[in-house]
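Going down the list, the protein sequences come from chains A and B. Here the first sequence stands for residues 1296 to 1689, numbered as in the numbering used here. Here the second sequence stands for residues 1296 to 1689, numbered as in the numbering used here.
Hints listed in this document are in silico derivations from the structure and should not be mistaken for laboratory results. Quick caveat: nothing in here was measured; it's all calculated off a predicted structure. Among these hints, one or two may not hold up.
Treat identical chains as interchangeable: a pair holds within one or across any two.
When the alpha-carbon atoms are kept at most 20 Å apart in a straight line, the in silico EDC-like pairs for lysine to aspartate or glutamate are as follows [stated by the list, open to error]:
1. K1554 - E1304
2. K1393 - E1316
3. K1483 - E1517
4. K1483 - D1684
5. K1318 - E1593
Protein chains: 2
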Amino acid sequence: MPSINPCFEQLSPRYIFPFIEQKLAELQQTTPEAKILNFGIGDIAEPLATSIVHAICSAVQEMGWRSSMRGYGPSTGYSFLKEAIVRNLYAHLGIESKDIFISDGINSDIVNILDLFAPTNRIAIPNPSYPAYKDACIIEGLHRSLLELPCTRETGFLPRPPSEGCDLIFLCSPHNPTGMAFTRMELKEWVEYALRWNALILYDSAYSCFVNSEDTPRSIFEIEGAQKVAIECCSFSKSAGFTGLRCAYMVIPSDLEIKYSSLSLQTLWNRRQTTKFNGVAYPIQKGALASLEGKGKEETEAQVRSYLYLAQTLSQGLRRLGFTCFGGRDAPYIWWRTPDNITSWEFFDLLLHRCQMICIPGEGFGSCGEQYVRLSAFTTAPSVQEALDRLATL
Amino acid sequence: MPSINPCFEQLSPRYIFPFIEQKLAELQQTTPEAKILNFGIGDIAEPLATSIVHAICSAVQEMGWRSSMRGYGPSTGYSFLKEAIVRNLYAHLGIESKDIFISDGINSDIVNILDLFAPTNRIAIPNPSYPAYKDACIIEGLHRSLLELPCTRETGFLPRPPSEGCDLIFLCSPHNPTGMAFTRMELKEWVEYALRWNALILYDSAYSCFVNSEDTPRSIFEIEGAQKVAIECCSFSKSAGFTGLRCAYMVIPSDLEIKYSSLSLQTLWNRRQTTKFNGVAYPIQKGALASLEGKGKEETEAQVRSYLYLAQTLSQGLRRLGFTCFGGRDAPYIWWRTPDNITSWEFFDLLLHRCQMICIPGEGFGSCGEQYVRLSAFTTAPSVQEALDRLATL
């Protein structure tokens, strides 16, 4: 009889997002007339931009003609997309197209990259953070010596370099769930930490398109020395509304100091991906390309601005109502302190039943998320207004 | 400094398919006028069926309207696709839609499923076989006690149940690379073996659409008792030309005997996928749906018939020229004995340089593949004719 990976027993029995979906479904069943306002899962609220729709349809049509059909693509992505990413986002930082590896999502990348590392490594993870970081470490058996990096009011809701060393560090900026982003100085401290301790930073840059503060980097590679110690994970999910299409990429610089015998991390990742993954659909990569340039870029940038506007409206509204909240300036998330010291799940239930409003309890992202809930600004202006109206009567 | 997963050192330094691609690129550079005939990688040669093109475009357009936009889909696939798979392929076998898990490819599934198992398990792998089975076991640290199942002329180029027990078994029928398929009796022996030894069969059914012999099952679940001991992996890559679109599914029966405390394998896989994967693009799933019913089914079945016809033309032609070959009856692959006992790589070079013809050396699939090469019938009628003409002058 095959033995099961015993690490599965260490996983928390419920994964937060499906659990919230279930709560929502229950409410819809018991109170079908409720008009539910969903500020929960960070999913897009705007339809796909017209240029992206056109680009994908045209690529699928190409595949329907003998002269332009395509089968398997390169496991790590088409050059046209890699080159456009470099041209539009990284050329000034010295990143080249061979450093770009296309995939179906940051979620896949951040967990799959762990394949490359031995289970003896010490990993640092922010608390609270996106639950997949920790769960992936558990499944891979890498959780035996986790170092938790508290993100509390005292730390500015972002992780700070600890006094001890570690091998791998998950960082995310703008941070999910707190909606706060590193300034240049703060990120520089992390790069210096990694250089000092020979650690590798796995930098989740999923929300970088929302950065608009001047002193806040959009890429970790804006910091000198980062190319020796960091991998950056980016996605089209939030910048171009690709949550339902699936396209992302990882930047693995050639200058990384970590090597395995003579093998670079690029070589190892390439080997991992060619063995375990067959690449992203050609039409989806064409859609991603369309979002980077010309009209597609304009359309998707307008969507990002509208989410940011909603985040600001929402946080200003909450403050006017006397609540305390953070984030939302360079991120689509608002980190909302629960009133009267109630727990995040109590506040979740209160908002659900009294205002028919979905949020994510901070505790679901880690113990330091207790007494906060996350609101997502991936929503519409009328929903924000309606939420503020309902909260005013609470 | 992070330590690298030491299992990577055990991987063979070159993965066969990219290596062949490189050889091809070299020839194209040195002899740009060569008209190369590619019978190598098992990629499709027919363009996407019209109904699939329409279904995908229409789904992308839906995503472009506010009223019908879609973000994240379910991690394990949309119900519309699961239900259509059951309705068209599994209803008579007692499989239900909750047993179906959609993914981006069999390659991903067969390697990711290993996440669920402890590295102490004994795994049986056919030799020769699709290289990802073994490489995935290596990366996951599951290779320490591999049991190789020889597929030689004596075994009919298919694996036979060994005399000793094991925990997990990779089977593939029709088999890649030998192009041979289990009869009902042969597969029954494997199910009985698994029941006797409490083993779990990971059944790769990628080429089942090519089965046309009467006594050859298309699904392992046609064998009584298989639902207690087998998981089946299927794909739209070959049945509907989805190699460049990426959609597959796994059937995990509810009746499986293997459990982990009270957790079924369905529950564990669901937890793995919701943590590590965000599902397949909505338009791609709509395209897969289109291939299962009505006009899309007719179009894709016609493609499969045309590949099978080419496989038969090719194998008959080779035999007429005095060569020895196997497979190609219920599979798109022909297993071609090298002449004069030369090695598979020598024959590869000979065919490449003398006939500008690409095949895959059998040794790339395992030591028992030595002295054979694999030809793929994912090609066109003029290429088959041209290949036979060139070989006649060899």
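Hints versus structure:
no., hint, in the structure
1, K1554 - E1304, "between (33 Å within a copy, 13 Å between copies)"
2, K1393 - E1316, "between (39 Å within a copy, 18 Å between copies)"
3, K1483 - E1517, "within (9 Å within a copy, 61 Å between copies)"
4, K1483 - D1684, "neither (42 Å within a copy, 66 Å between copies)"
5, K1318 - E1593, "neither (37 Å within a copy, 42 Å between copies)"
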